[in-house]
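Asker: Residue numbers (the working numbering), protein chains in the order written: chain G, 35 to 377; chain C, 35 to 377.
Derived from the structure by calculation, the hints contain no laboratory data. Check the hints yourself; a few may be wrong.
Copies of the same chain are indistinguishable here, so a pair counts whether it falls within one copy or spans any two.
Within a straight-line C-alpha distance of at most 25 Å, the following computed PhoX-like cross-link-like pairs (lysine-lysine) qualify [stated by the list, open to error]:
no., residue 1, residue 2
1, Lys156, Lys364
2, Lys97, Lys320
3, Lys103, Lys320
4, Lys36, Lys112
5, Lys335, Lys375
6, Lys140, Lys156
7, Lys335, Lys213
Since this is a predicted model, take the numbers as computed values, not measurements.
Residue-level listing of the chains:
Number of protein chains: 2
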Amino acid sequence: MKTIEWVNGKLRIIDQTRLPYETVYIELTDIPDVVESIKSLRIRGAPALGVMAAYGLCIGAAKIDASDKSSFIKQLEKTSAEILASRPTAVNIRWALDHMRTIAAKAKTPRDAVESLLEEAKRMHSQDVAINKRMGKFGADLIPDGATVLTHCNTGSLATADFGTALGVIRSAVAQGKKIQVYATETRPLLQGARLTAWELMQDGIPSTLITDSMAGHFMSKGAITCAIVGADRITANGDTANKIGTYSLAVLAHEHNIPFYIAAPISTIDPTLKTGTSIPIEERKPEEVLGFGGVQTAPKGMRVANPAFDVTPSRYIAAIVTERGILRKPYAQSISKALKPA
Amino acid sequence: MKTIEWVNGKLRIIDQTRLPYETVYIELTDIPDVVESIKSLRIRGAPALGVMAAYGLCIGAAKIDASDKSSFIKQLEKTSAEILASRPTAVNIRWALDHMRTIAAKAKTPRDAVESLLEEAKRMHSQDVAINKRMGKFGADLIPDGATVLTHCNTGSLATADFGTALGVIRSAVAQGKKIQVYATETRPLLQGARLTAWELMQDGIPSTLITDSMAGHFMSKGAITCAIVGADRITANGDTANKIGTYSLAVLAHEHNIPFYIAAPISTIDPTLKTGTSIPIEERKPEEVLGFGGVQTAPKGMRVANPAFDVTPSRYIAAIVTERGILRKPYAQSISKALKPA
Numbered sequence: 035m036k037t038i039e040w041v042n043g044k045l046r047i048i049d050q051t052r053l054p055y056e057t058v059y060i061e062l063t064d065i066p067d068v069v070e071s072i073k074s075l076r077i078r079g080a081p082a083l084g085v086m087a088a089y090g091l092c093i094g095a096a097k098i099d100a101s102d103k104s105s106f107i108k109q110l111e112k113t114s115a116e117i118l119a120s121r122p123t124a125v126n127i128r129w130a131l132d133h134m135r136t137i138a139a140k141a142k143t144p145r146d147a148v149e150s151l152l153e154e155a156k157r158m159h160s161q162d163v164a165i166n167k168r169m170g171k172f173g174a175d176l177i178p179d180g181a182t183v184l185t186h187c188n189t190g191s192l193a194t195a196d197f198g199t200a201l202g203v204i205r206s207a208v209a210q211g212k213k214i215q216v217y218a219t220e221t222r223p224l225l226q227g228a229r230l231t232a233w234e235l236m237q238d239g240i241p242s243t244l245i246t247d248s249m250a251g252h253f254m255s256k257g258a259i260t261c262a263i264v265g266a267d268r269i270t271a272n273g274d275t276a277n278k279i280g281t282y283s284l285a286v287l288a289h290e291h292n293i294p295f296y297i298a299a300p301i302s303t304i305d306p307t308l309k310t311g312t313s314i315p316i317e318e319r320k321p322e323e324v325l326g327f328g329g330v331q332t333a334p335k336g337m338r339v340a341n342p343a344f345d346v347t348p349s350r351y352i353a354a355i356v357t358e359r360g361i362l363r364k365p366y367a368q369s370i371s372k373a374l375k376p377a
Numbered sequence: 035m036k037t038i039e040w041v042n043g044k045l046r047i048i049d050q051t052r053l054p055y056e057t058v059y060i061e062l063t064d065i066p067d068v069v070e071s072i073k074s075l076r077i078r079g080a081p082a083l084g085v086m087a088a089y090g091l092c093i094g095a096a097k098i099d100a101s102d103k104s105s106f107i108k109q110l111e112k113t114s115a116e117i118l119a120s121r122p123t124a125v126n127i128r129w130a131l132d133h134m135r136t137i138a139a140k141a142k143t144p145r146d147a148v149e150s151l152l153e154e155a156k157r158m159h160s161q162d163v164a165i166n167k168r169m170g171k172f173g174a175d176l177i178p179d180g181a182t183v184l185t186h187c188n189t190g191s192l193a194t195a196d197f198g199t200a201l202g203v204i205r206s207a208v209a210q211g212k213k214i215q216v217y218a219t220e221t222r223p224l225l226q227g228a229r230l231t232a233w234e235l236m237q238d239g240i241p242s243t244l245i246t247d248s249m250a251g252h253f254m255s256k257g258a259i260t261c262a263i264v265g266a267d268r269i270t271a272n273g274d275t276a277n278k279i280g281t282y283s284l285a286v287l288a289h290e291h292n293i294p295f296y297i298a299a300p301i302s303t304i305d306p307t308l309k310t311g312t313s314i315p316i317e318e319r320k321p322e323e324v325l326g327f328g329g330v331q332t333a334p335k336g337m338r339v340a341n342p343a344f345d346v347t348p349s350r351y352i353a354a355i356v357t358e359r360g361i362l363r364k365p366y367a368q369s370i371s372k373a374l375k376p377a
C-alpha cells in the first residue's frame with residue numbers, strides 16, 4: 035500500500051475518498067487533476083500534501099513549452115500558484131513549492147530544471163518517511179507502556195509518504211514492545227478517523243476503539259485515556275497549532291482532565307512568519323459535507339451550515355510538540371526558534 | 035404535526051427515524067410494537083417517552099383478559115416491566131409507569147382500570163404540553179435579546195408531547211420578540227440535531243446554523259456562542275445530569291469559555307433516589323450506529339466501537355436547571371429537594 039508513488043513517469047495515489055470500501059489507485063497526468071485530488075481530499079494530510087505538491091509541480095514543469103529559462107520560471111510560477119490555491123491552510127504545500135522553486139532557479143536550462151525538480155521531489159518523498167521514523171522514535175518516549183492513546187483524524191501512512199506523524203509515534207511505541215491501546219475519533223464531517231485511521235489500526239493489529247467525536251470527554255472522565263496525540267496542519271512561532279476541526283475541543287477536554295495533549299508534526303509544518311494562531315486562515319469547506327455523508331442526506335434541504343476544516347489550539351493546551359529534531363516543550367517561542375535554526 | 039396522538043382508540047406516532055426525508059405516521063397496536071418503537075428511536079426524548087409509556091400501558095391493559103382485579107394488576111405489572119426494559123436510562127418511562135400503576139390500583143374492576151388508565155394517559159399528555167410552556171416562560175428569562183444559543187440533540191416538539199424543553203425555552207424567547215440565533219450540533223451517532231432539531235428550527239423560521247459536534251469548541255473560542263441549553267434524560271438529587279452523549283464535552287467547553295450552560299427538564303426527569311450521577315446506568319447501544327449511518331457503512335468491517343447513548347455532566351458545570359416549577363440554582367441538593375416538595 036503506497037499513499038503516493040511516482041511510477042514509470044506517472045504520479046499514482048490511493049483515492050482516499052474510497053477507503054475503506056475499496057482500494058482504488060488513480061493516475062494524475064495534469065495540474066487540474068492534481069488540484070482536484072487535493073481539493074476533494076483524495077489525498078490529504080499535511081506531509082502527504084507536501085510530497086504531492088512537489089510531484090505535482092514536476093507534472094506541470096514537464097508540460098512547459100519554453101526555450102529559455104526565464105520564460106520557464108515564469109510559467110512554473112503560474113503552475114505553482116494553481117497548486118497552492120487548492121488548500122490555503124496547508125503550509126506544507128507552500129513549503130514544498132517554495133523549496134522546489136529554489137531548485138528550479140538553480141538549473142541552467144528548462145530541461146535541467148525538469149530533471150532536478152523530479153530528483154528533488156523523489157528526495158523529499160523518501161526524506162518524509164525518514165522524518166516520520168525519527169519523530170516516531172522521539173515521540174514514543176512520551177507514551178508509557180500500557181497507555182490508552184486518543185487520536186483524531188488520520189495521521190498515519192495515508193496522511194504522509196509513509197508511517198505517519200501522530201500515528202507513527204503510536205506505531206513506534208508499539209514496535210518498542212509497549213502494550214498500547216488506541217481510541218480513534220471518527221472525525222466528522224469527512225470521517226478520516228472512521229475510514230482511514232481505523233483501517234490502518236486494524237491492518238497493524240493495534241487494539242483500538244472507534245468513538246464519535248462527542249464521546250471523547252466521556253471517556254476522559256471515566257479515566258480511560260492516558261494521553262492524546264494528533265497531527266498539525268500549521269504551527270505558528272509561539273506553538274499555536276491549526277489542525278483538523280475538533281482538535282481544539284479535544285485539547286480543552288484533555289486539559290480539564292489533566293491528560294497530556296501532544297502534537298506530532300515535522301519541522302516543515304512550522305510557519306515562523308506567523309506569530310500566533312489568530313493569523314492562520316481557516317478553510318471553509320462546502321456545506322454538503324455537514325448536511326450528510328456518503329450520498330445520504332441527513333439534514334433538511336436548505337439548512338444553513340458552518341464547515342470550518344480546521345481549528346486552532348492555543349499552545350498553552352499543548353504539553354509537547356514532537357518533531358524530527360526532538361521534542362519541543364514550553365516556552366515554544368524559544369524551543370521552536372531553536373529547532374528551526376540550521377544545525 | 036403531532037409527535038404522539040391517541041386517535042380513534044389507537045396510538046399513532048411520527049416515525050422519527052424517517053425524518054427529515056419523509057413524514058411517516060405509524061400505528062402501534064400491541065406491546066412488542068411499543069417496545070420496538072422506543073428501542074429503535076422511532077420515538078425518543080425523555081418527556082415524549084413518558085407519554086408513550088403511559089399510552090403503551092393502556093394498549094397492554096386493554097388486551098388483558100382478567101375477571102378480577104388482582105389478576106389484572108398482576109398482568110399489568112408484567113406489561114409495565116416489558117415497556118420499562120426498552121430503555122433503561124429514561125427515568126420518565128419509569129416515572130410514567132409507576133404513576134399509571136397507582137391509578138390502576140385505585141380502580142374497582144379491570145374495566146374501570148382500563149378506562150381510568152386511558153383518561154390519565156391523556157391527562158399526562160396535555161399536562162406535558164402545559165409543563166413545557168411553563169418551562170419555556172421561566173427559561174426565556176435566561177436568554178438575552180440578541181443571543182446565539184447552542185443546543186444539542188433534539189429537545190423540541192418531537193422530543194415531547196409538543197413545544198419542547200430546551201428548544202421550548204428558545205421558542206419562548208423568540209415568541210417574546212427577542213432576536214435569537216441557534217447553533218445546533220448534529221449529534222452523532224443518530225444525528226437527532228441534523229435530522230430533527232434542524233427541521234423544527236427551519237419550520238419555525240428561527241435563524242440557525244448546523245455544526246458537527248466537534249465544532250462547538252471552535253465557535254465558543256470565536257465568541258460566537260452566548261449560552262448553551264440542552265435537555266436531560268435523568269437528573270440526580272445533587273443536580274448531576276445524564277443527557278445525550280456529547281453533552282458533557284459541551285458543558286466542559288462552555289465552562290472553559292465562561293459561557294453559561296443550562297439544562298431544561300421537567301420535574302419528572304429528577305430521580306431523587308440517586309444521590310449523584312455516578313449511579314446512573316448508561317445505555318450502551320449497538321455498534322452499527324457508530325460504524326456508519328443511513329445504511330452507508332463508513333468504518334471498516336469488524337472495527338471495535340464504543341457507543342454509550344448518554345454521558346453524565348456533573349452539576350458544577352451547570353449554571354441553572356429550568357423546570358416547570360421555576361429555575362433551580364446551586365446548591366442543587368437544596369433547590370432540587372425544595373422543588374420536589376408538594377406545593
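Asker: For each hint, tell me whether it holds in the structure or not.
Answerer: A quick look at each hint next to the structure:
For the identical chains of this complex, Lys156 and Lys364 are neighbours neither inside a copy (35 Å) nor across copies (63 Å), given an alpha-carbon limit of 25 Å. When the C-alpha separation of Lys97 and Lys320 is checked against a cutoff of 25 Å, the pair qualifies neither within a copy, at 32 Å, nor between copies, at 53 Å. In the homo-oligomer, the alpha carbons of Lys103 and Lys320 never lie at most 25 Å apart, since the shortest distance is 40 Å inside one protomer and 63 Å across protomers. With identical chains, the CA atoms of Lys36 and Lys112 are never at most 25 Å apart, being 29 Å at best within one copy and 60 Å at best between copies.
With identical chains, the CA atoms of Lys335 and Lys375 are never at most 25 Å apart, being 52 Å at best within one copy and 46 Å at best between copies. Taking the shortest alpha-carbon separations for Lys140 and Lys156, only the intra-copy value of 17 Å comes in at or below 25 Å, while the best inter-copy value is 84 Å. Proximity of Lys335 to Lys213 under the C-alpha cut-off of 25 Å is restricted to the inter-copy arrangement: shortest distance 24 Å between copies versus 47 Å within a copy.
In the structure shown, a violation is registered for the earlier hints numbered 1, 2, 3, 4, 5, in ascending order.
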